[in-house]
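S.K.: Work out the full structure: start from the sequences and follow the hints.
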Amino acid sequence: MSNTKDTLLGKIRNGESMNLREQAVLTLTLSIPAILAQVSTVMMSYIDTAMVGRLGANASASIGLISTSTWLVGGLSMAACSGFSVQIAHLMGSREYSSARNVFRKGLISVLVFSLLLAAASIAVSGPLPRWLGGGEDICADASAYLMIYAAFLPLMQVGWLSGSALQASGNMKVPSVLNIMMCVLDVLFNYVFIFVCGMGVRGAALGTGCAEAVTALAMLGFLARKSPELRLDQERGRFLPDRECLRTAFGISGPMWIQNIVMKGAYMASTVIVAPLGNIAIAANSFAITAESFCYMPGYGVSEATTSLVGQSLGAGRKPLAKRFTWISIGMGAFMMTVCAVAMFFGAESIMAMLSTDPDVVALGAKCLRLEAFAETLYGVSIVAYGACVGAGDTLVPSAMNLVSMWIIRIGLALFLTPTMGLMGYWIAMCIELNVRGALFLYRVRGDRWMKFKLKTS
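Count along the sequence shown starting at 1, add 639, and that's the number in the numbering used here.
Where hints are given, some of them may not hold.
[Unchecked claim] For lysine-lysine, the following DSS-like pairs were computed, each having C-alpha atoms within a straight-line distance of at most 25 Å:
#1 Lys650 <-> Lys1092
#2 Lys866 <-> Lys650
#3 Lys1007 <-> Lys959
#4 Lys904 <-> Lys1007
#5 Lys644 <-> Lys866
#6 Lys1094 <-> Lys650
#7 Lys904 <-> Lys644
#8 Lys866 <-> Lys959
#9 Lys1092 <-> Lys1007
Bear in mind the hints are in silico, worked out from the structure with no lab data behind them.
M.R.: If you want it as structure tokens, here you go:
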């Protein structure tokens, strides 16, 4: 499998022709490890949620209340990584491996500084934030502690995310996948010890996940620095201090993604405020259902990561038609996989929710949400994969604008209208409609060529 992948990636970089079968094989070859990595991440989320769920609805609600905030922080951090990993993918396509290594060095310092500032800001607001989000006094203390511990581990997590995205940009999906599976195993062990053996409850969940992420981050960086054929840092000396051109290019990619994350995750936080008055059962059911839905979209995000690398390398090699064919192959693959998962989620909704909570009211309400959301997964898959293609092309401004308009005008607008009269189901109806619209918008975006205008400047 590895020889096939290297041969086909070589065809992209060397300008050789590729037939449809070879493109599909390469897409699937890169997607499978990325999907497995997504599975491990989702399983880790399931494990965390299930363990905390055993502590009762209040403990679950405390994490559910703050989860949108951790998504925002994590999204900003991952967007910072994309500014450098997209450059690395393009440099791989043009076979400028030494320049790719230099981009990683500069990116490492840049994202570390960024994550330290972001962690400090998160810790500073961790006390009052749960109350700003509408949480009751019975859950605010645990919610604050969870965010504070999460933020403390952020710099190490940022190193792991950059290392993993750089390896994926080089076409190495296997190592990040294996290490993420290892992280899942470590998360089980650490969470069990901290939550139950040490009796730390919600704080133990945050600490266990943080420790698992930290160990994985160090392993990811160690492999890249010493073992990656293209990115090994000991092949020559290079500067770690970022230069203006590298930072300007990174900001051109990450900047719109930061705005998107702030606006979209802000919308998630607004949805928390909308749902919070419905009570702790609704908060927990909403949080668990979102976690359960990740069962559906993990193939989409796996294919999306592969697509980002394939489109980036194809454009780096100056092969726009090839990049576009990879995009459509990937969109079809991701949409099909997510449709299959949606069918399974529809018929197994109660069983999936029962894995996460022992509260019958939470399970029943969450299952209704999942069945409704199954009708959005196909076009949601389209939007996930198409966005990955756009990121690989360095096209982040227009897709970010599309996402924020879809999220704020359609989802939040409808939720404000439907939730007061229909309860939690009103919010999920709004979400279902919005995800279908978003998928249609992305289909329209990638049908032309304007999204492939990005040109990486190299020294």
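S.K.: Would you list, in rising numerical order, the hints stated earlier that this structure does not obey?
M.R.: The structure breaks hints 3, 7, 8 and 9; every other hint is satisfied.
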